[in-house]
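K.L.:
Each chain, written out:
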Amino acid sequence: DQQVKQNSPSLSVQEGRISILNCDYTNSMFDYFLWYKKYPAEGPTFLISISSIKDKNEDGRFTVFLNKSAKHLSLHIVPSQPGDSAVYFCAASFAGNNRKLIWGLGTSLAVNP
Amino acid sequence: DAGVIQSPRHEVTEMGQEVTLRCKPISGHDYLFWYRQTMMRGLELLIYFNNNVPIDDSGMPEDRFSAKMPNASFSTLKIQPSEPRDSAVYFCASRPGTLMGYTFGSGTRLTVV
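As you go down the protein sequences, you meet chains A and B in turn. Under the numbering used here, the first residue of the first sequence carries the number 136, and numbering increases by one thereafter. Under the numbering used here, the first residue of the second sequence carries the number 60, and numbering increases by one thereafter.
Hints listed in this document are in silico derivations from the structure and should not be mistaken for laboratory results. Where a beta carbon is used, it is the ideal one built from N, C-alpha and C, also for glycine.
Incomplete in silico selection of chain B near chain A, CB under 10 Å:
#  : residue
1  : Y90
2  : M98
3  : M99
4  : R100
5  : G101
6  : I114
7  : F150
8  : T157
9  : T162
10 : S165
11 : G166
Non-contacting residues of chain A with respect to chain B, defined by C-beta distances greater than 12 Å in every case (computed):
#  : residue
12 : V148
13 : I155
14 : K189
15 : T198
16 : L201
17 : A205
18 : K206
19 : G218
20 : S220
Restricting the straight-line Cα-Cα distance to at most 20 Å, the calculated cross-link-like pairs of lysine to aspartate or glutamate (EDC-like) are:
#  : chain 1 : residue 1 : chain 2 : residue 2
21 : A       : K206      : A       : D159
22 : A       : K203      : A       : D159
23 : B       : K137      : B       : D116
24 : B       : K83       : A       : E177
25 : B       : K137      : B       : E103
26 : A       : K235      : B       : D89
27 : A       : K235      : B       : D115
28 : B       : K127      : B       : E103
29 : B       : K137      : B       : E121
30 : A       : K203      : A       : D166
31 : A       : K235      : B       : D116
32 : A       : K235      : B       : E103
33 : A       : K189      : A       : D166
34 : B       : K127      : B       : E77
35 : A       : K140      : A       : D159
36 : A       : K140      : B       : E103
37 : B       : K137      : B       : E73
38 : A       : K235      : A       : D159
Produce the complete structure using the sequences and hints provided.
P.N.:
Dropping the structure here:
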């Protein structure tokens, strides 16, 4: 049973436009969310995170939005660059599960020049 | 810091053989995680250690899989005997007390023929 769902396996965006990657979760106990980026033949690398006490966190071109009532978060990349082409994973955790990360299956983003 | 170091990067072995994957975590990180990534199931947590002690091995698929962490700077994941369905990319990750420093290695691509 997928507790963290990334329903779009892939996304294609034009360079310079906004990329929006979505993530839904089912467990209301989750209180910390992270986004990771993964290039081929490399391990995932941390991108940005958000605590459940916030609804927005911004870091340069990357912004994560959290809607707790909808159990939904999204990652916005503005403007998108070809180097952003990668697989993006959403992950969630809560204190009650020893802070294990529960992962989505990922969304493959292609930014076209 | 060199990051999380995994070896080998690629491993091709015959069914029935023993396979040992190795990981050196980042110095000072208290937690070490072994993951398996497949197309169908995404990133699956196999086992994790805290201060060299296995905390949760509920993700280990079968008794054929075993993991050890003899000291703070080294861990192994062993599969004996290996089967073709074990073919996947295996990642090691480590982190300090907080989730922010969760860092992955580059992975070992295992192919069992």
